Every structure is written in structure tokens, then in C-alpha cells.
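With the hints as extra help, turn the sequences into a complete structure.
Just so you know, the protein sequences line up as chains A and B, in that order.
Under this note's numbering, the first residue of the first sequence is numbered 1, with each subsequent residue one higher.
Under this note's numbering, the first residue of the second sequence is numbered 1, with each subsequent residue one higher.
It is worth saying that the hints were derived from the structure and are not from the lab.
The structure presented is a predicted model; accordingly, all values stated were derived computationally and were not measured.
Backbone N, C-alpha and C define an ideal beta-carbon position, used for all residues, glycine too.
Heads up, none of these hints are tricks.
For the chain B half of the interface with chain A, some residues (derived, Cβ under 10 Å), not all of them:
1. I11
2. M51
3. T95
4. G106
5. L107
6. K114
Computed list of lysine to aspartate or glutamate pairs in DMTMM-like fashion (alpha-carbon distance at most 20 Å, straight line):
7. B/K82 <-> B/E59
8. A/K56 <-> B/D100
9. A/K75 <-> B/D94
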Amino acid sequence: MKTIYIDGPLDAIHLDEVKNKIAEANTHLGDIITLDCTDMSYICSSGLRVFLQMHKDVTSAGGKLIIKGLQPLVKNVFDMTGFSQVFNFEA
Amino acid sequence: MEKQLTLVNKIEQIPQLAEFVEQICEELGLDVAMNFNLNLVLEEAVTNVIMYAFPQGEEHTFTLKAWTEGNKLVFELRDQGKPFNPIESAPEVDTTLSADEREIGGLGIFLIQKIMDEVSYQYEGQSNILTMVKVI
Chain A
1 MKTIYIDGPL DAIHLDEVKN KIAEANTHLG DIITLDCTDM SYICSSGLRV
51 FLQMHKDVTS AGGKLIIKGL QPLVKNVFDM TGFSQVFNFE A
Chain B
1 MEKQLTLVNK IEQIPQLAEF VEQICEELGL DVAMNFNLNL VLEEAVTNVI
51 MYAFPQGEEH TFTLKAWTEG NKLVFELRDQ GKPFNPIESA PEVDTTLSAD
101 EREIGGLGIF LIQKIMDEVS YQYEGQSNIL TMVKVI
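Right, here's the structure in full:
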């Protein structure tokens, strides 16, 4: 079980920073990995793509990705794109 | 209300966009949810221009105009990059598919169309013009 903490806006500028953070976390894809998004104030479509790719990688390796603590306006972006049905969420 | 922002095709310009949207929302008394969604729409549209409209390594400017027409808030994004119709070019997004079936692309224009009430594209006088309207 591993938690990766993501804060600030996940916009086009911060995309690489977040990608690096995920890579540096050195998680084993077969594990349960939690993305703690309590302090993530914004997400753009490129951010969603990073999350989707990670979900695919983790799931195909037999692990589980959990997205934790999404703020309501950010959650709405997941809802609009249908990603609410794709991911596992935790309050 | 009428405002204009001139941007350069560099991703570092994105924070300027957030400020621009915030000013408009403040002026028009729009709430944080509307501010968030408009910011998302404009970031998606502007990022597309920054990433794809011009040859790599070249610096170009493009403009974003905003104005109100009655109860409509209109944004017009205009660039002199290569002709590109983002509406026609977007792959169809099926939001009911599972993670494995979901494609990685096409989400930006999908969100723009989902949030805005009217989205149209025209190529005129060597300019790509993307017009996005929100009823407020």
C-alpha cells in the first residue's frame, strides 16, 4: 500500500511535475496505490489522461488504484467525462 | 464587457489565462463553479493552440477575446497557425466505456462542448477562429 500526494492545480504546466512524482514514488504496479488528491485544486484533460494511464497500468499488473479526497469541482470533471465510473474513489 | 488577451505559444502562459477568466467572472458576478469550468474550457482550447498550431521552436502570438451579448458570454480564440478544425478532428468520446476501452485522446474538445452552450469553428483570412458561447 502506497500513497502519492498530489497538490495544487494539475494544469498543463504542472503535468510533468506530477508525472515525475508518480514515477519517483517507485510503486510496484501490483500494489494498492492511493492518489491523495485532497489538495488538488484543478484538473485538465491531460491530467485525466495521466490518471487513466496509471489506472490501466496498475490494474493490468493486478493492483488497484484509489483516488482519494477529490474536491467537488474537480470531481465534477470526472463526472462530465464519465471517469467517475472508471476509477475507485475514497472520500 | 469586452476584454482581450494576447498570448504567446508557450505553456508558461497558462496562469495568465486563469487571471483573465477570474477577472471576467468577478466583473460579471459569476460563481466559483462557473469560474472553474470556464477556466477548464479555455485552458483546453489554448493548450491545443500552444501545442499544435505552430511549428516547434517558432514564437507566435494569438488572441483570446471575451465579450457579453445579452445573457451570453462569448469567447473567441483566434490564431494564424495551420488550419485545424478541433471539432471535426476530435475522436468521439464514449463516456460509458470501461477503463480498458477508454481512449486516451479527445477529452479536451469533449469538455469544451460539454461545458459551453455553443462551439463553432471557422477558418477565415488565414485565421483559425474558435468561438465558444456560454449562457450566463
